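Novice: Residues per chain, in single letters:
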Amino acid sequence: MSVSREEVERMAALAQLAVAPDELPELTAQMDRIVGFVARLRALDDLSGEGPQPTGPPETLLRDDVVTPADLARSPAELAPEFIDGFFVVPKLGAMEEP
Amino acid sequence: MSGRLAAAAVQNRLAEADRAGLNATLAWSAAALAAEADRVDALPEPGLLQNLPVAVKDNIVTTGLPTTCGSRILEGYRSPFNATVIDRLRAAGAMIACKTNLDEFAMGSSTEHSAFGRVLHPMDPTRVPGGSSGGSAALVAAGVVPVALGSETGGSVRQPASFCGVIGVKPTYGRVSRYGLVAFGSSLDCVSVFARTVADAGRVLGVIAGPDSRDATTLAASPIVVAHAGVSLAGTTIGVPREYFPGDLDPGVRAACDAALLRMRELGAAIVEVSLPHSSLAVPAYYILAPAEAAANLARFDGARYGVRAPVAGDLRELYRATRGSGFGPEVRRRILVGTYVLSAGYYDAYYARAQTARRRIAGDFAAAFASGVDLLFTPTTPTTAFRAGEKTGDPVAMYLADVFVCPASLAGLPAMSLPIGRSEGLPVGGQLIAPSLAEAKMLSLAAVLEGALDPTAEVRR
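First to last, the protein sequences are chains A and B. Once you know that position 42 of the first sequence is 42 in the working numbering, the rest is easy, because the numbers rise by one and skip nothing. Once you know that position 124 of the second sequence is 1124 in the working numbering, the rest is easy, because the numbers rise by one and skip nothing.
Restraint ranges, calculated between C-beta atoms of paired labels, are given here:
| id | chain 1 | residue 1 | chain 2 | residue 2 | range |
| --- | --- | --- | --- | --- | --- |
| 1 | A | Asp45 | B | Ala1009 | 53 to 61 Å |
| 2 | A | Val89 | B | Gly1346 | 36 to 44 Å |
| 3 | B | Asp1349 | A | Ala29 | 19 to 27 Å |
| 4 | B | Ala1313 | A | Glu6 | 23 to 31 Å |
| 5 | A | Ala43 | B | Gly1346 | 17 to 25 Å |
| 6 | B | Ala1220 | A | Ile84 | 40 to 48 Å |
| 7 | A | Pro21 | B | Ile1271 | 55 to 63 Å |
| 8 | A | Pro58 | B | Pro1044 | 34 to 42 Å |
Chain A residues, not near chain B, derived (Cβ > 10 Å throughout):
| id | residue |
| --- | --- |
| 9 | Glu6 |
| 10 | Asp22 |
| 11 | Pro25 |
| 12 | Val67 |
| 13 | Ile84 |
Facing chain B, according to a computed beta carbon distance under 10 Å, are these residues of chain A, among others:
| id | residue |
| --- | --- |
| 14 | Glu7 |
| 15 | Ala12 |
| 16 | Ala13 |
| 17 | Arg33 |
| 18 | Ile34 |
| 19 | Phe37 |
| 20 | Asp46 |
| 21 | Arg63 |
| 22 | Glu78 |
| 23 | Phe88 |
No lab work stands behind these hints: they were computed from the structure. This one's a predicted model, so the numbers in the text were calculated from it and none came from an experiment. Note that the Cβ used here is the ideal one computed from N, Cα and C, for glycine as well.
When you get a sec, could you build the whole thing from the sequences and use the hints?
Specialist: Here's what the structure looks like:
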């Protein structure tokens, strides 16, 4: 198993994570070490007839679908980096390029 | 004792711990403590936890103190709401004493991945307290607070409890509401408890457990009622999984476990060897499933609505990349990348699907052991005592393997705990009990008997 620098760059783009070029060699080596380690699961050849392990309760608890006050101790305006007239302010989305 | 007096006492101890450089706290204040004291003193009736100061891992949200998750990306963040566990503790008369240091977003086994520096081991500052809930463990071990909340995704309470010589209890997945616990691996995350005594751990767990309409995964199970500790284990069958006692197990850890098992036999327990054949798959499976869930859960930290925003001149996508690239530390970035990798086209079946199968088989191993007549399982909590700072930071996989004995119960969603069973070369050794689903009361009852029968400060004989 080996993870390439290009794959790390692609994962970083998919994950919306800036990675500086000088960080790539070490990050690629670490990713390769981790992916090589988890590849031990290839020993599991027979995957048939088994779904994922169920977690949580057998039946999901549902609450009534009613609007209740959020009772927040502070408003979104206090939390947001920039908030004007009830809106979170962010830079414009550029061209819809592929990541 | 009044809340005011209790608050003043814990304030002195917190200040002393900070002066000593333990680095276990990320936030506390005299004013916040005084407000908590006034609040509990004004309760119409004393609660089950009246005046009890509780330290809280800094990935559990609180309105009174900031919540950073040990990350620069949330530096200064103050939640607009309390976690359900915080509301329940406060309603029972407990006081929130402080927020505690942790590996960033609970990803780590030593606190060395905290953006705010590592926590010192209270007994040996050259060593780590374990992680990710190392700050909570260290504060309980140092006697600053009697109990603390931590969180477990893959052993983050039991492992530091073992290293620091305190009790750490992870409940059944779904026993305790995750509302307000900052999500890491949502199918694994459990709010968990540190304490100096089994009785305190049981009291706190009893208060915070129970269904919550704000967490659809909580279980409508009967309350946890711990039987009064007797002195006999007659009629109890303890299973010892052979896979947890490998040839390279630390000799001091092995000797402490052997001595504890001998004591259990003397107290009347039947000790039987069992096999959990898929145990070796637990750490690799965990390091696929948890990063995959983390990659999705941590997508919310983008600099748009809360937290820190990186200054950028570009567009929205550039804002996301720059904020996340500079806000997350190295281990969090590694896990996001690994999680993205194992979920990406072409790799899903090779990694994620296999990890799900491994998880199912690990849970099946436990079910078979308990079906064979075993009441509880006993294992070492960790392969070694607390390791030295810096010893594993160069190799992420070596750090992951510190959790080899605690990961499996997390994947199976089972209750498990660590309790101190002796010391090796002066450092605490933890023994782990693993119970069937929802059998916390049985587990805590046996732990209480062991607590009275073992000397956790005694050096083990090899």
